[in-house]
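**Q** With the hints as constraints, model all of the structure from the sequences given.
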Amino acid sequence: MKNMKLRLLFLAILSLFVLAACTNSDSKKNDTTSTNNTNDNSGKDTASDPIEIDFWHAMSGTAQETLDTIVANFNKSQDKYKVNAQYQGTYEESLPKLRSVGGTKDAPAITQVFEIGTKYMIDSGFIEPIQTFIDKENYDISQLEQNILNYYTVDDKLYSMPFNSSTPVMIYNKDAFKAAGLDPEKAPATFNEVIEAAKKLKTDDMAGFSMLTYGWFFEQLVATQGGLYVNNDNGRSDTATESVFNGKEGLNVFNFLKQMNDDGTFGNFGTNWDDIQAAFTAEKVAMYMDSSAGVAGMIDAAPFDVGVAYIPYADDVERAGVIIGGASLWMSKGIEEQEQEAAWEFMKYLQTSEVQAEWHLGTGYFAINPAAYEEQNVKDKWAEYPQFKVTVDQLQSTKESFATRGALISVFPESRQQIVNALERLYQGEDPQKALDDAATETDKAMETAEKANQ
Amino acid sequence: MKKTYLHRVSLYLLLTFCALLLFFPIIYAFFISFMTNTEVMSGKLLPQTFDLSNYYKVFERLPLVTFLINSFIVSCTVMLGQLIVSSLAAYAFVFIPFKGRDLLFFIFVSTMMIPWEATMIPNFFIIQKLDWLNTYQGLSLPFFALAFGTFLLRQHFKTIPYELYEASRVVGLSRFAFFWRIVLPMSKTSLVTLGAYGFLTTWNMYLWPLLITTNDSVRTVQIGLKQLQSQELGTDWGVVMAGVVVVIIPTLLLLFIGQKQLQKGLSQGAIK
Amino acid sequence: MKQLTHMRSALLYLLPSLILFTVFIFYPMFRTLYLSFFLTDAKGNASVAVGLDNYIHLFTSSQFLNSMKATLLFVLYTVPLGIVIALFLALLANEKLKGIGFFRTIFSSTMGVSVAASSVIWLFLFHPSIGMFNHVLQLLHLPQVQWLVDPDWALLSVAITTIWMNTGFSFLIILGGLQNIDQTLYESAQIDGANYWYRLRRITIPMLSPTLFFISTISLINAFQTFGQIDILTKGGPTQATNLIVYSIYREAFVNYQFGTASAQAVILFVIVLFVTILQFKLGEKKVHYQ
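Chains as they are written, first to last, in the UniProt record's numbering: chain A, 1 to 455; chain B, 1 to 272; chain C, 1 to 291.
One thing to keep in mind: the hints can contain errors.
Below, in silico cross-link-like pairs of lysine-lysine (DSS-like), each with a Cα-Cα straight-line distance of 30 angstroms or less [what the hints assert, rightly or not]:
hint : chain 1 : residue 1 : chain 2 : residue 2
1    : A       : Lys248    : A       : Lys258
2    : C       : Lys282    : B       : Lys99
3    : A       : Lys82     : B       : Lys99
Just some of the chain A residues that point at chain C, by a computed CB distance under 8 angstroms [to be verified]:
hint : residue
4    : Lys82
5    : Gln86
6    : Thr449
Some residues of chain A that are not near chain B, with every Cβ distance over 10 angstroms (derived) [claimed, not checked]:
hint : residue
7    : Trp56
8    : Glu65
9    : Lys76
10   : Gln88
11   : Lys174
12   : Asp175
13   : Asp274
14   : Asn377
15   : Val390
16   : Asp393
17   : Gly429
18   : Thr441
19   : Gln455
Everything labelled a hint here was simulated from the structure, so no lab data went into it.
Just so you know, even glycine gets a beta-carbon here, dropped at the ideal spot from N, CA and C.
**A** Pasting the structure below:
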């Protein structure tokens, strides 16, 4: 009996080995052929052999599905180039890998990097500015959304091709507004208005307002007051050396959140996108800040009427607008020229209004080419979801300034972490100015270290 | 030792209660994998129907079959490698008296205390220099030498009487023949245990495979789990849980088949 | 002469291990030590020698000290409780009953669930609005708990998850230890008329002590090296309450690109784990009862 079981186990393991051994040799064969393809296209490239390039991205979940379709369509649309879209984990996880192959011939032709990695990428020396190709070909980029280009243009050069772009919006529960006696068509616009509305909306089960504990939203609320994040014009006229987000505008934001936290009208749902979105659909919070990319999913998921509004701003200032978020596509230096060419062709393909329409509809990210909004399928969708228009209006009405172009610092990921920490401490009762000052000090320290190490 | 009826019933009740408590998260994941999104959002415990669409989606979205095969290959390779390397080392530690044996053994065991994450960065560069990114050897070779394995097998080999070794030398059996024909067959349980342990831990590895693969050709299933979760958009929990179920079924099965062996062998490593 | 041949053949058997250890453990360890005295540039190469600055910086940084505190707390939460639970289950499953094999299989099942998979499952259980835990609390008319968001709860929540994940492995080892205890010991006690508790205290626990020692050492080392569940459940938040040291190393290296300070943290972690293990051996060995 005992022996029987033992034998069974051995048999199971043995069969695994056999299975493994068979598949092993098979996949190795495939492996070598595929690597041959990518490596050999330098020399004996014939007309029939397409040029293959790698495209590293960080899109998971539904966005990955849409992206894979677009890439497949590109590969089908012509036979000169072939793009291999490869998932590399989150933005944070893909950067170390890029760093290890950056500047060599093994680097992927295109890499998707989040917006706050912009400064790092420019300094890294791994990349070829997109501007080179724009100049060479006199490619017309004026067709693209100006407010998105502003972010990725540094010293008058467009470094990377904008790709998935989103901005923050305030999403609210229209039914809850009605129940609280508020006008569901007129969302509160300023900090004080939000504070007052939150008081009215608050019930036993529902918080008035919430915001994901994420540095991005803080940056936005500062920028919409015209405030800077770091000195030297947000690091855009010279390398930033000191953070200034702990000034008046930053304090406004922290006081705004603190007020609601003290009132008991603020709901804290942590650092996870999914948690706060689920809280909204489960009617645990009436208003919250989300990415414009999440709007469509939210309208579908929520069992009530969903309103979308501009993000709030401080009462005594004028609304300046929003900074673009998301990621852009970078072209590698040091790879074969024809690989760069292929990458450039693919990037141009991505800009076409049909592809942008598909991307916009599939993911909720903005179309970087506004012509996409004129495509019939987009018009249909917008008729169904009029809330989409609010997100685009907010972006297009943004006034160009150093504040709304966003900050450029190489240690942005660390700084965001410090802001998260400061927000969490704020919610635990820490003094707003103190929490902000500490975050600023840590950010300054990180900038200083980075400066020292990279001289 | 006859137990009273009451005693037996209360034991069964306690056992069932603990089993339910412990197994609940797994059952829960299993149920959610059959739910539609609205059902998930309303916080139901049981799905209305056993709808397979989440499973279709998961296999459609990711090359899960490739991932599963890769996981099998890597896990089996590491398992074999660990068995060979560890048993050779353990054999030397037990049956060959050489100078500095205890010191060397201590150094071996002390490597158990080095957190893998602490050496991950340099290791990554080593693999890259060897040009082993995206290869099975890059995924598996760094794990062949396992201090825990050497330790476990040494404890077991020690139970084999040294006289047996001397006798075999007198009969003219070579050192390697003794290892191969006598020591290994006598340590079957420990070997199976170590094998299963190596298989499971490798199957469950996550950060390393993510770091050293840049395309799907050799990726393992754990990375697939990560790819199912959206970042800026809402997560489709039903599909994610379907992925979880697909990923844990092979290891659970292995565990169910080999549980008894595993437990026997592991315990032998624990006693001196 | 004989000594020499012994040496040679021993080396032959040890060679694979030695090569692999050198390449993948010792060399990286020294490299880490080396990097800990430098600042690193954008490509991850050592660029500026700073001596002990990285270490001084760490020991004066409230965030790192906090991370050490959180790690120690986490170890305290998970190790003793985890072992007690596993011991309880093992004692229960060691009873001679029909169908006990089924229960043993269930109790060991968490060993077959990967860190990534179990963290995802628990992430959902802890979900603030649609998770099972808050759902149950609501049904019982109890106040909701912000499991992963409230700094007072987050570390505890991660600890619960970790205990669950480790139960399978600890259970298997302890059960194995129990079954190795010589039955005749019990039989003589039975004749003396000793009750269950007396037997447990006087025979089972002392005889089990080597196993308990082994599992507590392994659990300690594992607890100090916790990573995956933090990454998926809390990302080190809220207010750094769950920023355990290995996660802090990961962030420093892969998010902040500071391999220098990351390496310094790794060295400190190694020293701590080594120290704790030696302490454990010194204190534990005395109490362990060998046959």
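**Q** Beyond 10 angstroms from every chain B Cβ: check whether that's true for aspartate 175 of chain A.
**A** Aspartate 175 of chain A is indeed farther than 10 angstroms from all Cβ atoms of chain B, at 16 angstroms.
**Q** Since valine 390 of chain A was said not to touch the interface, does its Cβ keep a gap of more than 10 angstroms from each Cβ of chain B?
**A** holds (18 angstroms)
**Q** Per the CB criterion, is threonine 449 of chain A less than 8 angstroms away from chain C?
**A** This hint holds: threonine 449 of chain A lies near chain C, its Cβ roughly 6 angstroms from the closest one there, short of 8 angstroms.
**Q** Against chain C, with CB atoms and a cut of 8 angstroms, does the hint on glutamine 86 of chain A hold up?
**A** Not OK, violated: glutamine 86 of chain A not within 8 angstroms of chain C, min 19 angstroms.
**Q** So if I understand the rule, the pair passes when the alpha-carbon distance is 30 angstroms or less; does lysine 82 of chain A with lysine 99 of chain B pass?
**A** violated (60 angstroms)
**Q** Classify the label on threonine 441 of chain A as holds or violated, using whether its beta-carbon is more than 10 angstroms from each beta-carbon of chain B.
**A** holds (27 angstroms)
**Q** Per the stated criterion, does the least C-beta distance between asparagine 377 of chain A and chain B lie above 10 angstroms, as a non-interface residue requires?
**A** For asparagine 377 of chain A, whose nearest Cβ neighbour in chain B is about 20 angstroms away, the distance exceeds 10 angstroms, so it holds.
**Q** Report holds if the minimum CB distance from aspartate 393 of chain A to chain B is greater than 10 angstroms, and violated otherwise.
**A** For aspartate 393 of chain A, whose nearest Cβ neighbour in chain B is about 20 angstroms away, the distance exceeds 10 angstroms, so it holds.
**Q** Assess, step by step, whether the Cα of lysine 282 of chain C is no farther than 30 angstroms from the Cα of lysine 99 of chain B, and give holds or violated.
**A** Distance ~25 angstroms between lysine 282 of chain C and lysine 99 of chain B Cα, so the pair holds.
**Q** Does lysine 258 of chain A sit within 30 angstroms of lysine 248 of chain A, going by the straight-line distance between their CA atoms?
**A** holds (15 angstroms)
**Q** Would lysine 76 of chain A pass as off the interface with chain B, using Cβ distances and a cut of 10 angstroms?
**A** Fine: 19 angstroms to the nearest Cβ keeps lysine 76 of chain A off the interface.
**Q** Under the criterion of a CB-CB separation shorter than 8 angstroms, is lysine 82 of chain A in contact with chain C as hinted?
**A** Nearest chain C Cβ about 30 angstroms off; hint violated.
In this structure, the earlier hints numbered 3, 4, 5, 7, 8, 10, 13 are contradicted, and the remaining ones agree with it.
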